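Chains F and S, in that order, are what the protein sequence lines are. Going by my numbering, the residue at position 150 of the first sequence is 150; the numbering climbs one at a time, nothing skipped. Going by my numbering, the residue at position 40 of the second sequence is 40; the numbering climbs one at a time, nothing skipped.
Treat each hint with caution, since some may be false.
Said to hold, decoys possible - Which chain F residues face chain S? A few, computed with CB under 7 Å, are given here:
1) Thr18
2) Val76
3) Ser103
4) Leu120
5) Asn121
6) Ala159
7) Arg163
8) Cys241
9) Ile265
10) Cys277
11) Asn279
Unchecked claim - One-sided excerpt, in silico: chain F residues whose CB lies under 10 Å from chain S:
12) Ser50
13) Leu127
14) Asn165
15) Ser267
Claimed, not checked - When the alpha-carbon atoms are kept at most 25 Å apart in a straight line, the in silico BS3-like pairs for lysine-lysine are as follows:
16) F:Lys97 / S:Lys45
17) F:Lys86 / S:Lys55
18) S:Lys101 / S:Lys84
19) S:Lys111 / F:Lys97
20) F:Lys207 / F:Lys174
21) F:Lys207 / F:Lys337
22) F:Lys7 / F:Lys353
23) S:Lys111 / F:Lys68
24) F:Lys12 / F:Lys312
25) F:Lys113 / S:Lys55
26) F:Lys337 / F:Lys323
27) F:Lys251 / F:Lys12
28) F:Lys86 / S:Lys121
29) S:Lys52 / S:Lys84
30) F:Lys113 / S:Lys52
31) S:Lys111 / S:Lys52
32) F:Lys238 / F:Lys190
33) S:Lys84 / F:Lys113
34) F:Lys57 / F:Lys97
35) F:Lys174 / F:Lys350
36) F:Lys251 / F:Lys7
37) F:Lys19 / F:Lys68
38) S:Lys121 / S:Lys111
39) S:Lys121 / S:Lys84
Just so you know, these hints were derived from the structure itself, not from any lab. Please read all numbers here as calculations on a predicted model, not as lab measurements. Note that the Cβ used here is the ideal one computed from N, Cα and C, for glycine as well.
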Amino acid sequence: MLSAIKKRAFRKFKESETKLHLLNYLFWECTTRCNLNCLHCGSDCLKESSFPDMPIKDFLLALDTIEKFSENLTVVLTGGEPLMRKDIEICGREIRKRGMRWSLVSNGHLYNKERHISLLNSGLGALTISMDGLEESHNWLRNSDNNFKKVENAISLAASSSRLNFDVVTCVNKRNINELPQIRDFLIQKGVSAWRLFTIVPIGRAKNNPDLFLSDTQFVELLNFISDFRNDKVIDVKFSCEGFVGKYEFKVRDSYFFCRAGINIGSILIDGSISACPNIDRTFSQGNIYRDDFYNIWQTKFESFRDRSWTKTGKCADCNEYKDCQGNGFHNWHGDKKNVLVCHNEQIEKVMKF
Amino acid sequence: MKRNWMRRIIGGLSFTSALFVFQACYGTPQDFGLDMLIEGQVKSKTSELPIKGIKVSVADNMQYDLTNENGRFSFYTEMLENMKIRFEDVDSVQNGLFINKDTVLTVLNEKVFLDITLEEK
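Work out the full structure, taking the sequences as your base and the hints as a guide.
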């Protein structure tokens, strides 16, 4: 009964948020250059990118179109590897000058003490660093001999700062699923207070590598692991917002599933395209900062993000959970968009049947 | 304003603690931290000229900035009560020799400008 009321109220809340569509989370894909060559890269990034880094002034011109930004609008710098750029600090200060916050997603490879200090000095407020297993499995996924050591150092630095809202993310796959308890111990020992777990979406370089994807049983094991440690006060372990997880909703994260792509989350991509999360199929782009007014596009377009009824197709067409799931995470719609790439709830249901 | 109240009420009914706090799948947490921008200029008490190369830091914190040729420094740092800011001559005789100084910030604003003079050794 209570659960039904909560569900209904949350549906209403989603409707109202969608109608309001306040922009309070903006990705900037500031580079597609990367110093690693990860097996699971959804962006297929390389050391040398076919796109030059976007000049800061171009990004700021787009940012300045936002007439009235919401409280705590966070600009999230992502890539590629954003720290490949030497001018991140300049950009960060420009964002802060405008009264907005900024944060960074990094693979940790270039995150040393000097950079940590210069980023904090420039007003960095939140940071996410990837750690995809213990040394061997992390370096395997990251396709690097020494990234783990650098990530370890980066995590120690970030965790030592009481200013940063910092978390570690782990892409869970066949090679690291059995290491989760040890990874948790490692992070606690490093002083990390928040840990987010993902699965890998079959896009970019990942799609042809079966080692990267959990079986249905392993996926449920992952959810059980998170659920077991959710109430643990030592470290906040949660599942990412990548998809709807049916019976596990509310057991594995703070809130019900709500894909906010295009509702509260926007992006400016490397070629100036205006979209939502960078891992979303680029054919969903809504405009381009080099020819459109960014904020006008945010306010007046994004129909396919704010009305998801078009996702009621393929396996979603007759699904009983559609009202709460609405086609899963938006990044699960690629190619011909006739069917969702991953249905987390289906994976769970399959295991529950046995 | 009315809309904002409505969304809070509807949100509250779903008993979810983190309705307005979220992070995108591949993004970072949002930043709700309190910080402040500390800027200023360091000059010589005797010559009244700006001093380059003075290390400006917050006590018990690894953050610091070095003054530039105009004696200017600038950094964001966590907003804490009674924060002690330290000014240290760390480059030996290169830009003159000055006595280190500590100052305690008693007023906390989003932005603070400090005019500091250092005595020569």
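Item to complete: Please flag the earlier hints that this structure goes against, numbers listed from lowest up.
Response: Structure breaks hints 1, 6, 12, 16, 28 and 38.
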